[in-house]
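Chain by chain, the residues:
Number of protein chains: 2
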Amino acid sequence: MIIDCHGHYTTTPPAHNAFREAQQAHLDDPQLPEPSYGEISDDEIRESIEQNQLKLLRERGADMTIFSPRASWMGHHIGSDETSQVWARACNDLISRVVSLFPDNFVGGCMLPQSPGVEIERSLPELERCVAELGFVVCNLNPDPSGGHWTSPPLTDESWFPLYEKMVELSVPAMIHVSASDNVNFHATGAHYMNADTTAFMQLIQGDLFAEFPELRFIIPHGGGAVPYHWGRYRGLAAGLDKPLLREHLMRNVFFDTCVYHQPGIDLLFEVMDADNILFASEMVGAVRGIDPETGFHFDDTKRYVDALKLDDVDRHKVFEGNARRVYPRLDALLVGRGL
Amino acid sequence: MIIDCHGHYTTTPPAHNAFREAQQAHLDDPQLPEPSYGEISDDEIRESIEQNQLKLLRERGADMTIFSPRASWMGHHIGSDETSQVWARACNDLISRVVSLFPDNFVGGCMLPQSPGVEIERSLPELERCVAELGFVVCNLNPDPSGGHWTSPPLTDESWFPLYEKMVELSVPAMIHVSASDNVNFHATGAHYMNADTTAFMQLIQGDLFAEFPELRFIIPHGGGAVPYHWGRYRGLAAGLDKPLLREHLMRNVFFDTCVYHQPGIDLLFEVMDADNILFASEMVGAVRGIDPETGFHFDDTKRYVDALKLDDVDRHKVFEGNARRVYPRLDALLVGRGL
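These protein sequence lines are chains A and B, in that order. Heads up: the first sequence begins at 3 in my numbering, then just goes up one per residue. Heads up: the second sequence begins at 3 in my numbering, then just goes up one per residue.
The reader is advised that the hints may include incorrect statements.
All copies of an identical chain are treated as equivalent in the list; a pair is satisfied when it fits inside any one copy or across any two copies.
[What the hints assert, rightly or not] Straight line, CA to CA, 20 Å or less: simulated SDA-like cross-link-like pairs of lysine to any residue:
#1 Lys245 x Ala190
#2 Lys305 x Arg327
#3 Lys245 x Gly292
#4 Lys245 x Ile293
#5 Lys312 x Pro266
#6 Lys312 x Gly63
#7 Lys57 x Ser102
#8 Lys57 x Pro118
#9 Lys57 x Arg306
#10 Lys245 x Val186
#11 Lys168 x Leu34
#12 Lys245 x Asp65
#13 Lys312 x Arg62
#14 Lys245 x Pro295
#15 Lys245 x Glu296
#16 Lys57 x Met3
#17 Lys245 x Asp294
#18 Lys245 x Gly298
#19 Lys245 x Gly209
#20 Lys245 x Arg291
#21 Lys168 x Thr297
#22 Lys245 x Thr297
#23 Lys312 x Glu160
Simulated from the structure, these hints should not be mistaken for laboratory data.
Based on the sequences and whatever the hints tell you, model everything.
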């Protein structure tokens, strides 16, 4: 089977979006009433999925998407801890409804109710709820809840450790994924996302996090930001910092997805990285929705690029299915339970 | 001839470094005396260059380096406008001495005396001095003088226009180059540099700067950060923003260097970018100084990677010489004046 490890619910029904708008309006003017979450019918959810993610999933020949709330709308920088708690719960509940309606095609990933300057312990109950009660298999971890001001400590700082302990306990990995940019310098999907991927990887080089947490696993999306293209630089910087070879230092615990939207980029990713470290993904319907005039196909139809590599059966299975089942053990258990 | 468009004076004599330390000590404790710049002999400069940059330049078969102050030590975030003015002048004067001692092998690039929150007009006299009096051919422009806090407006903001007007008037391009990171999230050469390259390119996509300044030229170093690897993403984002094709929107004015420290990265750069947009560079002696155990050669011996491409004579000439003479017209004039 073919598992897409990176999809967001970017086509949510209007009532969901209206709630977020009302939440923000209430922040701006506390005189306004507390917003209430409107009714969303199963049919509305079905239509929003069938016409978009599921349609494309089928057209492109994939089977299942690990599905999480719209990344750019996580907006951890907006409001307070309470704002994020309410919004994360609403977003994760909606993902859970999608998964319930389309259990063969979607499995849940949660956003965390992070907020700048708020201890990560405040995110643990929602993580636990999503995994234990809703059956989610991964969380999205925002390394910069400030939205482009980068005011939190690096991912290797001990202040993050309670989350990592909980992730290991629950047997879920994290995708490192920032949200919208609140800094005019950074276009969200064109700069902030790429920068966060690159930054996170370099933080991991500088630290020694996986000695502390050998079971911890991170997916760095968008093909690892700038990292594979500059793999020589990162190997050299690691050596200069007296770190072990990257394959020992990080690459048992860090994985890159295939959200790279042209053939030469995918070619490089697979040339430089071991197939054990690459997970198929498209991030659709996502950042880049158009058709590439050079190919006539959607930029984010990443399966075409991977297919063009003509991988042997072993590597093909790893990238499309095997690695995902290894990196997300709860997904594997779920599939095994279905006889898959 | 072979021109390396990106080298920094990372091996400056101790008196230069001591001055900077004294300048910072004076900032920390204004009771300390105003630092004075110590004596540096020509022999000291000769040795620092002959044993390092010039030795490697010759060993690797290049002829000339466009040479600028050590990027990570520009430190625009340290102190005030006055601090940066004094330090930039000292750094640029030292570059000028190198060029005077080795006129066949080095040509000058200046740092600007930028300071966070200080208008860019304050950098124009030093730029003018370096170009008109010292014969420099380019400036390094820091898009984030705050050192990783990103508090300045994007490069497309009108507040930068006085610099661009002066650059056009003087016929010098700028290399977009940040300095050290004052943000613990960003390793300087592993994250901040890459992020700045990526961020600058995306800012240029969002804006329309070259309609305003058709003669303005930027070199984005380090192989363009994440950009060539994600070229499909950037083409798609530009289309989504209703911008023209990138080759029309930006690529008459933006150039990437070859500071990519492994063969697959260089292969991708040349596969994706037109040879007209690539300038040979190594950034030595720089960020990554070691030997790649996979090849037995220095990571930053980028000429080996470019040679391995077996470019035809036309493209080879562009990348090693022709593009540099086109992008840096004052370098071309200088070479023509020498009958080269």
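Here is what the structure says about each hint:
no.	hint	verdict
1	Lys245 x Ala190	between (32 Å within a copy, 17 Å between copies)
2	Lys305 x Arg327	within (18 Å within a copy, 42 Å between copies)
3	Lys245 x Gly292	between (41 Å within a copy, 13 Å between copies)
4	Lys245 x Ile293	between (42 Å within a copy, 15 Å between copies)
5	Lys312 x Pro266	both (14 Å within a copy, 19 Å between copies)
6	Lys312 x Gly63	within (16 Å within a copy, 39 Å between copies)
7	Lys57 x Ser102	within (17 Å within a copy, 66 Å between copies)
8	Lys57 x Pro118	neither (37 Å within a copy, 49 Å between copies)
9	Lys57 x Arg306	within (16 Å within a copy, 47 Å between copies)
10	Lys245 x Val186	between (35 Å within a copy, 19 Å between copies)
11	Lys168 x Leu34	neither (37 Å within a copy, 51 Å between copies)
12	Lys245 x Asp65	neither (39 Å within a copy, 35 Å between copies)
13	Lys312 x Arg62	within (16 Å within a copy, 37 Å between copies)
14	Lys245 x Pro295	between (43 Å within a copy, 14 Å between copies)
15	Lys245 x Glu296	between (42 Å within a copy, 16 Å between copies)
16	Lys57 x Met3	within (17 Å within a copy, 56 Å between copies)
17	Lys245 x Asp294	between (41 Å within a copy, 14 Å between copies)
18	Lys245 x Gly298	between (44 Å within a copy, 19 Å between copies)
19	Lys245 x Gly209	within (9 Å within a copy, 41 Å between copies)
20	Lys245 x Arg291	between (40 Å within a copy, 15 Å between copies)
21	Lys168 x Thr297	neither (44 Å within a copy, 41 Å between copies)
22	Lys245 x Thr297	between (42 Å within a copy, 19 Å between copies)
23	Lys312 x Glu160	neither (43 Å within a copy, 49 Å between copies)
Consistency note: the structure conflicts with the earlier hints numbered 8, 11, 12, 21, 23.
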